[in-house]
Amino acid sequence: MVSINYSSREVCCKIVYYGPGLSGKTTNLQYVHSKVPGNTRGDLISLATEADRTLYFDFLPINIGTINGFAAKFQLYTVPGQVYYNATRKLVLRGVDGVVFVADSQPDKLDENIESYMNLQENLQEYGYDIDELPLVIQYNKRDLPGVMPVEELRAKVNPKGRADFGASATVGNGVFDTLKMIIKLVLDKAKAAGNTEMPSVNQSAEASEVDREPIAPVRPYPTTEPVEAAAVMATPDTTSVGVPGAMTTTIAASAQPSTSAAAEAQPGVGVTEAPGMPSVDESGEPASRTFQEPESTQAEHDFKAAPAADDDESEPAGFRPFPGSREESSPRKITPTEFAPTPQESEGETTYEKNVLKSSDGGMNTGSSDLATPGMAPSLRRRAQQKKRGFFKRLFGIK
Amino acid sequence: MSDDTLIIYEEEINQIETLMSKMLKGAEAKCALLVDKDGHLITRQGFTHSLDTTALAALLAGSFASTKEIARLVGEPEFSVLFHQGKKDHIHMSLVGERSILVVIFDDRTTIGMVRLYAKETAAELASIFEQVMAKSNPNATQGISTEFADLAQDKLDDIFHD
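Top to bottom, those sequences are chains A and B. So that you can map any letter, position 375 of the first sequence is 374 in numbering that gives the first Met the number 0, and since no number is skipped, the others follow by simple counting. So that you can map any letter, position 15 of the second sequence is 14 in numbering that gives the first Met the number 0, and since no number is skipped, the others follow by simple counting.
Among the clues, some could well be false.
Computed footprint of chain A on chain B; a stretch qualifies when at least three of its residues, placed anywhere within it, have a C-beta under 8 Å from a C-beta of chain A [what the hints assert, rightly or not]:
{"hint": "1", "segment": "33-42"}
{"hint": "2", "segment": "45-58"}
{"hint": "3", "segment": "63-76"}
{"hint": "4", "segment": "145-154"}
What the hints contain is simulated information worked out from the structure, not anything from laboratory work. From the three backbone atoms N, C-alpha and C, an ideal C-beta is built for every residue, glycine too.
Work out the full structure: start from the sequences and follow the hints.
Dropping the structure here:
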């Protein structure tokens with residue numbers, strides 16, 4: 000069952016290496032793992048006993064890259080070969096798209112090969128698969144050992160129906176990639192035959208997604224909302240047009256994330272993105288392009304911008320940007336004592352403002368800049384410092 | 000069930016992700032994965048950037064599948080909830096409909112009870128979405144990958160798989 004995820008743009012296929020015990024299924028995967036470029040494969044996970052016998056399965060994910068905007072992923076599994084592990088072996092076959100049957104070429108293993116093949120057939124039947132219809136490649140492994148059976152003889156016994164087959168030697172790698180390429184080809188052919196051969200909007204949406212996805216997620220490309228123009232056009236979800244995934248994409252952008260769309264509408268062309276881990280939609284209407292790594296900075300900036308422009312009459316020098324915390328501190332204090340209320344002269348500049356504050360509060364008694372309030376200080380901090388100092392002098396001279 | 004290709008569109012994924020993030024907030028869990036029983040990751044939410052979610056999905060599905068066999072042996076059709084307790088992080092798995100598993104990873108900031116409560120609620124809602132997905136995909140069961148896609152993929156194989 001090929002899994003197609005239009006949201007994360009993935010096509011995912013499951014390939015299982017089947018065969019009798021010690022026939023070299025895990026070795027196949029190990030060879031693939033060692034030879035395939037690191038960016039193409041994930042880690043090889045082996046659920047094995049201490050003696051390196053597969054207990055449950057080995058797992059190797061392979062991503063052969065983006066095709067038409069969709070990542071083609073293959074998950075390679077092996078099964079435990081021993082007869083008494085049939086229960087777990089059957090579990091691995093669930094949802095399989097293609098099977099590689101790894102046969103042991105040694106003459107004394109022939110019966111095991113045949114028994115394992117019959118077992119494969121039975122287990123597939125239990126899941127409702129027909130072995131003749133399922134993509135299957137047979138690999139005659141261990142060709143490098145002395146005294147192995149000739150391929151023709153093996154073929155007659157193990158592969159009477161003439162499925163695709165390869166001789167191989169998994170330890171040195173002969174035939175491993177031929178087998179893998181063939182099974183992938185068969186799986187894709189099967190999916191193609193089942194398909195309607197049309198993925199109309201894949202190409203169109205692929206271009207958009209390639210651009211959109213790039214800057215967002217470090218690990219996994221996350222679905223992005225489409226540009227607003229497109230989202231606005233697709234007002235109602237058209238659930239019947241299954242064949243047009245691109246249209247669906249934009250529809251959801253409009254319906255599921257109303258506030259982001261609205262925000263983006265204010266500034267057309269701004270791509271609104273959501274990063275993993277920040278699932279909540281930005282309700283403030285700020286069309287900031289958030290990334291997961293730096294939510295704090297964006298938030299801080301946002302706070303600063305969102306703070307009411309009540310300080311405008313104080314008119315700080317051009318280019319002066321107080322850090323966010325200072326503004327928060329200053330705002331409540333501004334309202335309370337009337338003598339600190341800003342006067343129109345303050346708009347002339349920082350120095351005037353300082354004088355006015357001092358004059359109005361202390362009657363000119365406490366002139367001159369204090370040690371606490373230095374000229375480079377943010378106004379709010381300076382005010383605070385002045386206030387502190389005033390309190391000190393008042394106490395010192397007993398002024399009520 | 001052998002031949003039904005699972006096709007999930009943006010619309011459903013968005014519904015699913017909204018539900019999952021709501022659950023994460025409510026239960027105060029770290030992250031949540033939605034995994035197909037075959038081992039494919041459907042979607043994920045929360046702090047998953049440090050996790051190898053592909054492998055995790057395959058292993059969790061395997062783990063769930065093996066407990067199903069255990070259930071069968073003790074006369075149960077299936078265990079619907081599975082819980083792994085660790086020193087710091089714990090995993091709660093619950094069945095969603097017929098073919099998916101909702102996995103919630105959480106730590107000591109919340110409790111198993113909270114996670115179970117929210118996961119149960121969310122699993123029921125997710126199940127109804129999946130029913131819609133299946134109902135929708137049945138008339139279009141012939142949907143698959145395009146010829147072009149298959150051909151391009153095969154061209155790539157030679158570049159990647161060589162000795």
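Looking back at the numbered hints, which does the structure fail to meet, lowest number first?
Structure breaks no hint.
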